[in-house]
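**Q** Following the working numbering, the numbering of the sequence shown begins with 3 at its first residue and continues without gaps.
Think of the hints as simulated: they come from the structure by calculation, not from any bench.
Please read all numbers here as calculations on a predicted model, not as lab measurements.
What you were told as hints is all true, and nothing was included just to trick you.
Computed spacing ranges between beta-carbons, pair by pair: (1) Ser15 x Ser57: 15 to 25 Å; (2) Lys33 x Ala59: 33 to 43 Å; (3) Ser57 x Ala17: 12 to 22 Å; (4) Arg55 x Ser15: 11 to 21 Å.
All C-beta atoms, glycine included, are put in the ideal place defined by N, C-alpha and C.
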Amino acid sequence: MTAHHNIMLSHASAARLYKITHQTVIGIDQKELIELDVILLKLEIVVSVERARCSVACVCE
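Between the sequences and the hints, there should be enough to build the whole structure, so can you do that?
**A** See below:
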């Protein structure tokens, strides 16, 4: 499995985690929810950078 596939999987996992968390807001206070949003946003940025790097590498090969 290539790095690109791993990135796609981690992105899907993040989306799933986000969805599950927002469905189960009971028992999670607003502060924790905001912290999770920040973590997922950071992951989103990492995924975008890695995806861009991968597409550049694929073009160069």
